[in-house]
Amino acid sequence: MIDLSHLTEEEQGKIMTVLRRDAELKKAEEERIRKLEKILHSDPQTDTNLKYMTGEWFYEAKSLRHQDKIHGSEIILASMKQGKAVGLDGSLRLDRSKALSSRGSDLVPPMKPARCREGLQPQEINDAEKENRISAFRSPRTPRHNPFNRPSLSIFEPPENNHDLSIIQDKESPETEPICPLKNPPAGETSQTSGGSVTSEGSSVGFRPVPKKRTFLSRRNQTESNGLGSDAQVGSAGIVPAPRSNLQRGSSGSSNQSCLKSQEEVPQKSAVTVSNQESQSAEEDSLQPPCDVPQVFPNSSMERERKPPSITRDRPYVRTDESTEKLQKREEQDDQTQRHNAALNLVAQNTNKIQDKESNRHVGTAMRQEEPSLPQSTVGENDDDQNPVRKALWRAETRPKNLAKSMEDITASLSPRQERRQDPTPDLRRVSDASTIPSPSSSLYSDPDHLKKMSKSVPSFLQKEDAGGDADSIYKDSYQRRRLTMGSSMTNLTSSSGLASVSYVKSYLVPDKANLGKRKTSVKKKTLNPTFNEILRYRVRMEYLRTQTLILSVWHHDTFGRNSFLGEVDVELSKWDFDHTQMNYLALKARATPTVAPSNGRGEMRLAIRFLPQIIHSEGIAKDGPNTGEIHIWVKECKNLPLIRATIDPYVKCFVLPDTSRKSRQKTRVLRRTVDPVFNHTMVYDGITEADLNEACVELTVWDRDRLASNLLGGLRLGAGTGRSYGAPVDWMDSSPYEVALWERMMASPTEWVEDVLPLRMLNSAKTAFK
Amino acid sequence: MSDGEYDYLIKFLALGDSGVGKTSFLYQYTDGKFNSKFITTVGIDFREKRVVYKSTSPDGSSARGQKIHMQLWDTAGQERFRSLTTAFFRDAMGFILLFDLTNEQSFLNIRNWMSQLQIHAYCENPDVVLCGNKCDLADQRAVSEDEARELAEKYGIPYFETSAANGQNVSHAVDVLLDLIMKRMERCVDKSWIPDRTVRANGPMDPDTSEGADRGKCAC
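Residue numbers (our numbering), protein chains in the order written: chain A, 1 to 771; chain B, 1 to 220.
If we strip away everything but chain A, and leave its shape as in the complex, we get (with noise of 0.2 angstroms):
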């Protein structure tokens, strides 16, 4: 067998049209035999015209040489399924193998030895083609079971899934049957609410009624959750679930956890965006030391693209789905710019975690982290003796060495809630007083460690504030950058939420494309007047920084994490007079809407969601019975989908993650020949509870669904952003600020339906690709 991994999805679509066209040629080749033969059968004479006529001296020259009698087309065929079968669960790959393998005897024939046989029919091919598509359906079952196979998490099977079923049917295959069933789990619970899966398709065409629940797989309560986190990140690393059977038993999967339980705030981009960067592989290399698990294999994943099968990992990965990622990945070229910078950046941060003890720290301040993503970034500086620095910073941008460096001196002072947006300002229209979630941010702001952290950088800057030079000596002299930075104190802040206002500032820059990120003040307490002395620190050069505008929102902290919108100011630093170190009163604005999401050329869904809590109990904490939470989707329509085709066939699906499972992906239909499609399809999930709300996030991908397979077109994560899930990194929770917004505005008006056009962007997961 070849490997033909490193094509993507499109050429290997390409290759089998022609094999098929191929195979039609055989098909015809041999009838004509056949006829030949019935025709010149018994007459000696015509045995040699026979030979000639029907290509038997080339085949008897050939089997000399080759002692199969394999064609070309075969053994590419075969490879190819083979690839598929592979990826899906390693447990399978030997299966496969002999099953091709003996399938390619079969096409030596018992036959009569001296016909070749014309390789395999157009009708062998629709089985190899339907085969992978059954392996790509049967191979995820069996394991899926293994990882929610845990007492504490409620698993939900479905008897049936119309969804598979319905695409099994097209290809008539039958096995899939005995498969479903067993997929009951043992935890055999509730299949409450999930009324079975009714075929979203069949029952929300047109109008949103009947929507098709999906219970969430609550990770609330299972104990191990790092064991999730390394699913989660095993699975963010693109892979449908079925490794995740891999973690359960094996040791690499122990690794991977004792590796992440020994820095718990692994980024959540480093696994994936270091996996990203096939081109920056020495970089990554260099960068992988610190904890070689849970980087690493994300990162032979995609290798593995490349490199023949030879690479040794517990953990095989779906191909096809990695090369569809390949291909979106080539699309997006400043993404992956911008996912090196995080990955540079967080691995950096990934190796100082391991030194150091303290988590969920909350960055108001302290900019180190920065350092190893300006090297990409066109860095400015703000002070005034620019020019003798800004060669020694040019010199620094460039050595290598300041990776190393900035992973020895980057402080405790991490976010992980580190995002890289382009744009921030979410939209909350309303305070909440809804019932509660705890925040995750709240630890973080009690959390004295922390808040002495951050009053450290404070004392200095006592009464002033800049956004402009700094003489801060302690970084100074390290890395000889200058940053953007500011303290703030807020006078009258509105009481919109009735009570004594509990407050923090955001602060981003936009448009972000060096990926800055958004900095966020403690929290003040019940003062409609906080004072703040904090200082947000950008590291960036002056140049950059005036081709930014940085937006400073004031928002009212909720108990509950249902933060909502007091106030905002835009800076135009292209205006900003860097000289002027004064403090500077500005006045706070209301914003009504955000400004029009950056297009990346993907086009938009316009959607709506909203969130039904769940009723709590007395107790405080609700139970998951049949009054769980619920989030309902309302996809309502696309527009200028990118044509990756001569036309498209647009359709959406659905996921809650971390939730891969099957049951958990709901679709529309498939609209035919539009860029603009308009589905007004409604999905539900039930078994959400608040908490959930935080952790887990919801993923809407368009697809192209072409006869042989499915394209992304593009998505959106609607989530928190956060970069975590239940406690450990994962890549997916990547959410924009634009889709952090209408998720948080969802969170804020609970049962109430928030709308909004969000632009669709490549996702790099490969959880995307799970077709």
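Among the hints, erroneous ones may be present.
[Stated by the list, open to error] Pair by pair, the computed Cβ-Cβ distance ranges are:
id: 1; chain 1: B; residue 1: Arg-82; chain 2: A; residue 2: Ser-574; range: 46 to 54 angstroms
id: 2; chain 1: B; residue 1: Phe-38; chain 2: A; residue 2: Asn-680; range: 41 to 49 angstroms
id: 3; chain 1: A; residue 1: Arg-707; chain 2: B; residue 2: Asp-3; range: 20 to 28 angstroms
id: 4; chain 1: A; residue 1: Arg-707; chain 2: B; residue 2: Arg-111; range: 37 to 45 angstroms
[To be verified] Derived BS3-like pairs: lysine-lysine, alpha-carbon spacing no greater than 30 angstroms straight-line:
id: 5; chain 1: B; residue 1: Lys-183; chain 2: A; residue 2: Lys-38
id: 6; chain 1: A; residue 1: Lys-35; chain 2: B; residue 2: Lys-54
id: 7; chain 1: A; residue 1: Lys-27; chain 2: B; residue 2: Lys-154
id: 8; chain 1: A; residue 1: Lys-38; chain 2: B; residue 2: Lys-49
id: 9; chain 1: B; residue 1: Lys-183; chain 2: A; residue 2: Lys-14
id: 10; chain 1: B; residue 1: Lys-54; chain 2: A; residue 2: Lys-38
id: 11; chain 1: A; residue 1: Lys-575; chain 2: A; residue 2: Lys-506
id: 12; chain 1: A; residue 1: Lys-38; chain 2: B; residue 2: Lys-67
id: 13; chain 1: A; residue 1: Lys-35; chain 2: B; residue 2: Lys-67
id: 14; chain 1: A; residue 1: Lys-27; chain 2: B; residue 2: Lys-54
[To be verified] Which bits of chain A does chain B cover? Going by a derived footprint, with three or more residues having C-beta under 8 angstroms, they are:
id: 15; region: 20–33
id: 16; region: 54–60
Just so you know, the hints here were simulated from the structure itself, not pulled from any lab data. Heads up, the beta-carbon is just placed ideally off N, CA and C, and yes, glycines get one too.
Use these hints to put chain B onto chain A, whose structure you have.
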């Protein structure tokens, strides 16, 4: 097209560096057209053509025109498809090896292609024709006719200066290759009728008694 109404199915394969003009060559041969836009072949492709072949040697069975159905495999020159395309070498009866007259490297790589053929083809010395393509771009020529001919002679294969753009020598090259194949086939098959040899009707032919001259050529 594949209606079974033909006498022979002959499979050829075009190979060579990326961009030398394999696809254009075959397109010119099958359709008589030329498209100057460069669209790299994804992995593999093939075209078909129906021709009539008249054997030049007086022979009872091939005096009439033979209907030949040609399947012309078009391989990608790009490195990344190499493993894929090589798998198809074994299926072809004859090879059209192309290089670009305006690109010296493509000519230098002919050596590599030949060794690939020798390894992967159905036998050690398959029928090949060497084509120096893009001869219409005279002012950009980087390979002289002499050195190309010299190389072709070294391998014992015919050489043609072709142009997919204006069609020069395209049909000719393929016809020559077809002729080679048909002749080889006849030789292969005809051997069984040599009286010294075990007559076919008595059982399978003994390979050890194959004629010395043809030993290397055809293994039948």
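* Asked: Against the structure shown, which of the earlier numbered hints fail to hold, in ascending order?
  -> 7 and 9
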